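Trainee: Residues per chain, in single letters:
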Amino acid sequence: MSNPKTLFDKVWDAHIVRPETPDTPAVLYIDLHLIHEVTSPQAFSELRQRGLPVRRPERTLATMDHSTPTTPRNALGVIPVIDPQAINQLDQLRKNCADFGITLFELGSLNQGIVHVIGPEQGLTQPGMTIVCGDSHTSTHGAFGALAFGIGTSEVGHVLATQCLLQYRPKTCAVRVSGKLQAGVTAKDIILAIIAKYGVGGGTGHVFEYMGEAIRSLSMEERMTICNMSIEGGARAGMVAPDETTFQYVAGRPYAPQGAAFAEAVERWRSLPSDDGARFDKEMSLDAGSLAPMITYGTNPGMGIPIDAPIPTPEQLPDSASRQALDKAMVYMGLEPGKPLLGHKVDLVFIGSCTNSRINDLRQAASFFRGRKVADGVRVMVVPGSQRVKKQAEEEGLDAIFKAAGAEWREAGCSACLGMNDDKVPAGKYAVSTSNRNFEGRQGPGARTMLASPLTAAAAAVTGRITDPRTMLDER
Amino acid sequence: MKPITTFSGKAVALPIDNVDTDQIIPASYLKITDKSGVADGLFQAWRYLPDGSPNPDFPLNRPEALGATLLVAGHNFGCGSSREHAPWALQGYGFRAVIAPAFADIFRNNALKIGLLPVVIDAESYHELLSHLAEDPHTTLSIDLPNQLLTMPGGRLVSFPIDAFARHCLVHGVDQLGFLQQQEADILTFEATNPVTVYTIR
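If you read the protein sequences in the order shown, they are chains C and W. With this note's numbering applied, the first sequence covers 2 to 477. With this note's numbering applied, the second sequence covers 2 to 203.
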């Protein structure tokens, strides 16, 4: 092949409305624009001020997820919203969608859920597409071989008005993941290990393409978990080449092409994977075969260790900035360098978020909870990513397992991931969370977050301590 | 947007790496539907004590930092979320530029859109700035956007990168959305020649 291209190159090149020049960025066409209540209201205000319509409402879809409560429905079957600011924000989204002709998945309706869970589940997310949303975890959709990234509110306005964005071509980074995961080790551990190895700024300016044996053998849900946290490694987008696993996942979903159109689409999608010999600007690698379950001890997602390793000491760190960051993190977390995390007390366990709230995450957690009880004094919140995930989990009886164990089974939403709704971690308390960010105060003021997989979270819930889930896999 | 060319201001240092957008503006301030009050939440957890009074140890609260318009910050400033509320909060507080060795991609983009200048400087100049500010907290710096130059306290000029288009828009007050709207003919051509892959309206 004369000019081998990467997956990213192919998707980027296919969406150029006007090429980059020395004076101007490229004009990039956006196939799908997902919006939610938090980052869109000011963009709609901008459109109103300028008297502009939404250019392509049929390429736009809205849901409610960030500021919504996940508390159980009332006697009327309604999820009650109490926070006046949340009520106002949700009302604004309803009005904006009605005024501009945008489809809205209303709170509590069967299609509603976390924006990055519903896109794939509805078949809206397809290989080769460009997808944006005013949310940094839009990188999730890259698992399908789409180019998907988060944008700010000004850019939400640009896409609403023109269906385009002004963009400079990012660099590419191949992330090669070799080997085969051992029992008790999951996709979440792969991405936490990559970020621990290359840092939270390692991918800045780049788009990741995850590849290799370990990635190929993952389900779509697991690939989404990995792509979701690309932004935690500094990369705006992360992609996985589409394959049979991808096509099977998309087939038959409500908004996916159907029948002959689907067969044609698959033919198109088969040409997307990176060509042999395609060049990447940067390379990263990880051996998944030697991986242990990962957990974070600090206040950014790069501060992660194998669960059976001690917290690093300042002497092990390369420079004064990282030693200073460790000091600060240890004070905030109430932990000590050089000490193990194993056995540390846990107050709250959160299983949910756009990283780990899909059906296979819940199945995995439920398999661990089956026949076991949540430890005394531990609060466990299980929050499905969407109403459809919730329904499916209930059809499979997973909710009964969670409830029998003593965990809370809640309505769909972002929940305790970001401290924006009523689901928060109290100040000073330790939470093992399947979400994506352990920043100071992320899960509530003073919250102490330790990021981990659903299996590690379930093991912590049952023992009330940081526990290696591998030690409990063979107990039954 | 008002054109931005050259300006000077007092600088304050927040020499921490990887300052994330949750620190810049916590999610509880994201429930607004306009931009009002967002500056009140800037660095909330660091800026205020639990009783709500200002934390005297936080750099922005020191008397000599009053009126600072330039923030000198650490590596990978603005990592995390895509919330434009982060640059809104910094701008609302009075900052006109953030000077750092590196910025997170989405933050840098968002800041450029609203005219909060992300000024990238080399590690050596960054450390030099920090020592100047430690010695003299009343240090002022000036920024020349058309020529992409930062004047250090001793008078040394440090050039900084910024994409040509963003610079043009900021210097001349050009509206980026307006520019995109002018591409209508090309957008129509693209739409006419590319199949619709998704249709969200039932």
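Since the hints were derived computationally from the structure, they do not count as laboratory data. Because the structure is a prediction, the values reported are computed rather than measured. Among the hints, a few may not be true.
Stated by the list, open to error - Straight-line alpha carbon distances no greater than 27 Å define the calculated DSSO-like cross-link-like pairs of lysine-lysine that follow:
(1) C:K96 to W:K11
(2) C:K198 to C:K329
(3) C:K374 to C:K329
(4) C:K430 to W:K36
(5) C:K340 to C:K329
(6) W:K32 to C:K96
(7) C:K374 to C:K6
(8) C:K172 to C:K329
(9) C:K96 to C:K198
Trainee: None of the hints should be skipped; say for each whether it holds.
Mentor: Quick rundown of the hints versus the structure:
1. Taking the CA atoms of K96 of chain C and K11 of chain W, the gap is about 43 Å. The hint is violated against a cut of 27 Å.
2. As the CA atoms of K198 of chain C and K329 of chain C are separated by approximately 20 Å, the hinted pair is consistent with the 27 Å bound.
3. Distance check on the hinted pair: K374 of chain C and K329 of chain C sit about 35 Å apart at the alpha-carbon level, beyond 27 Å; violated.
4. For the hint pairing K430 of chain C with K36 of chain W, the CA-to-CA distance comes to about 32 Å; that exceeds 27 Å, so the pair is violated.
5. Under the criterion of a C-alpha separation no larger than 27 Å, the hint pairing K340 of chain C with K329 of chain C is consistent with the structure, at around 16 Å.
6. Taking the CA atoms of K32 of chain W and K96 of chain C, the gap is about 16 Å. The hint holds against a cut of 27 Å.
7. Of the pairs offered as hints, the one joining K374 of chain C and K6 of chain C is violated, with about 52 Å between alpha carbons and a cut-off of 27 Å exceeded.
8. A hinted pair counts as satisfied when its Cα atoms are at most 27 Å apart, and K172 of chain C with K329 of chain C does not qualify at roughly 32 Å.
9. Only pairs whose Cα atoms come within 27 Å are accepted, and K96 of chain C paired with K198 of chain C is rejected, the gap being roughly 45 Å.
Checked against the numbered hints above, the structure violates hints 1, 3, 4, 7, 8, 9; every other hint is satisfied.
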